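Those protein sequences? They're chains Z and F, same order as listed. Just so we're aligned, residue 1 is where the first sequence starts under the UniProt record's numbering, counting upward by one. Just so we're aligned, residue 1 is where the second sequence starts under the UniProt record's numbering, counting upward by one.
What the hints contain is simulated information worked out from the structure, not anything from laboratory work. Any given hint might turn out to be false.
[Claimed, not checked] Pairs of lysine-lysine, DSSO-like flavour, derived with a Cα cap of 27 Å:
| hint | chain 1 | residue 1 | chain 2 | residue 2 |
| --- | --- | --- | --- | --- |
| 1 | Z | 160 | F | 2 |
| 2 | Z | 137 | F | 162 |
| 3 | Z | 20 | F | 160 |
All figures in this text were calculated on a predicted structure; none of them were measured in a lab.
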Amino acid sequence: MIQTRGLRKSFRSRAGRETKTVEAVRGVDLSVAEGEIFGFLGPNGAGKTTTLRMLATLIEPDGGEATIAGADLRKAPGEVRRRIGYVAQGGSTWDESTAREELVLQARLYGIGKAEARQRASRALEAFQLAEFADRKCKTYSGGQRRRVEIALGIIHEPKIVFLDEPTTGLDPQSRAHMWDEIRRLRTDGMTVFITTHYLDEADALCDRIAIMDHGEVVAEGTPADLKREISGDVVQVGLDITTTPQAAQALDGEAYVRKLETVDDGGLRLYVEEGATAIPQILRRLDQAGLALHSIELHRPSLDDVFLTKTGRSLRES
Amino acid sequence: MKLARDTWLIFQRQFQLLTRNPVWVFVGVFQPVMYLLLFAPLLKPALNAPTQAEAYKIFVPGLLVLLAIFGGLFQGFGLIAELRAGVIERSRVTPVSRLALLLGRSLRDVVSLIVQAVIITLLALLFDLRVVLGDLLLAYLMLALIALMTSAVSYGVALKVKSEDALAPLMNTVAQPVLLLSGILLPLSFAPGWLQGIADWNPFSWAVDGTRALFAGDLGNDKVWQGLTIIAVLAALGVYWAARQFARSVR
Ligand SMILES: Nc1ncnc2c1ncn2[C@@H]1O[C@H](COP(=O)(O)OP(=O)(O)OP(=O)(O)O)[C@@H](O)[C@H]1O
Ligand SMILES: [Mg+2]
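So here's chain Z without its partners, still in its complex pose (with noise of 0.2 Å):
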């Protein structure tokens, strides 16, 4: 559905006299199968907003090709925005302006006669549960429901592929999870969704596959479950006092079953292990017997916060 081969952004910034060139997308090459729920994870500045608005036609790549829907980015703009639907992080609704009439230009604007533009406004707000206020100023509506109008908004049309940039930032845990269900239904109405999100659990439970981007670059692609498998084992978090951390760690450092060691900032070490279960009795007694005190010891199975830290060094959660 999407191919993207070698896409790179940068930009130019003037800061006083100076100007400072960013290098934003470095590079992406991504493949996005039809009907899949395709997230793009990476902390903030990774360049997930510039490669999304580069893929929907909003700037112009310095170099690498895209292939959207059948329809050739660079020779074929018009095309790529006949198929696309794209919400954008900073949001797209008018205050003064009622959802309907929201909804009832933007389909008007894809070509959509007046009577069929109608029709599909009442029937979007119907899906997205805004009927009750369709006809208010959009100023009057909270975070989550005016997110709602934005994605019915990227949908009137009903394209094949829909970009939805952090469609969770700023809602509670209730309209997150609302909104998921809403992401899946797109899935299942055989929309291929491209959201971004800096969520990790929103990544692991919504998306079909993931890119891990960083610094302008893919550092990971695949399903969540095979990220994870691909730093196989189990992951040993102990608690330790920052005094004695180093010593723990030339302790366990070379021990047969800890495949790797990471000491964290504020004192503790996190190991990986093939399998947690034999490995914390062995890490015991070799503390033990190093005559070290520890406060906690935690079993946990690889998140994609520890595919993050492999391929990057740094911790999302941080970050």
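Using the hints, position chain F with the ligands against chain Z.
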């Protein structure tokens, strides 16, 4: 055809939002009325005109051109608000014509200007202004072209600078000399030669002269076609340039 349809869609929305705004209706209608009523008593002596009607023949066209210039130049502020709300970006992902995004808005500005102009003309008729209908329509065409040009330029600049803080001083800097050197409020026939020489380079000076000739019933005056041609060419250039900004604007 697509262009016409898209332009109509954008125009409709913009016009609807405009009429929904009570502040605009107030400012748009009462402002010109104030000009006429408060300036009226000063006119005859100031212009040294033989009658009140003569004074209006000089003052009203100038006032209308003034409204057209200012009405257009400050439209960019509304666009920056739309830019910030993400409305422009939302339009730009649709296949809508980029030229229509501009024209729909500029035509709204033209229509609202013409409404103002009609109100002023009708009021001036009460003060004994007399003008031939055909000449009046040509004068309105001149005003429409001026408003089209200034609003298009304002939109284009707004898309380039993207902030009110930059747009306001920029537009003021442009508007002031243009205004002073166009003989809008008082005819430049009183001006010394060097000032008239500079004014010859001001397109609005030609527009004002042309409009005044039309109000004076002097259709054959060269200033009429010259003014119309100059403004039409500039309007076309302005629209072309601004539409390109709509096509490429980054956030
Ligand atoms: N129009 C622009 N002009 C200059 N720099 C830009 C522009 N747009 C983006 N950038 C820069 O490009 C980089 C990537 O930005 P982008 O918005 O794509 O990140 P993101 O992954 O969407 O982040 P977030 O999670 O915060 O939305 C950032 O460093 C940003 O400052
Ligand atoms: Mg972003």
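Original post:
Under the criterion that the straight-line Cα-Cα distance not exceed 27 Å, is the pair residue 20 of chain Z, residue 160 of chain F satisfied?
Top reply: Holds. Residue 20 of chain Z to residue 160 of chain F sits at ~19 Å (cutoff 27 Å).
Subject >> 27 Å Cα cutoff - pair residue 160 of chain Z, residue 2 of chain F >> reply: holds, 23 Å
**OP:** Decide if the proposed pair is consistent with the structure: residue 137 of chain Z and residue 162 of chain F, CA atoms, cutoff 27 Å inclusive.
**Re:** holds, 25 Å
Violated hints: none; the structure is consistent with every hint.
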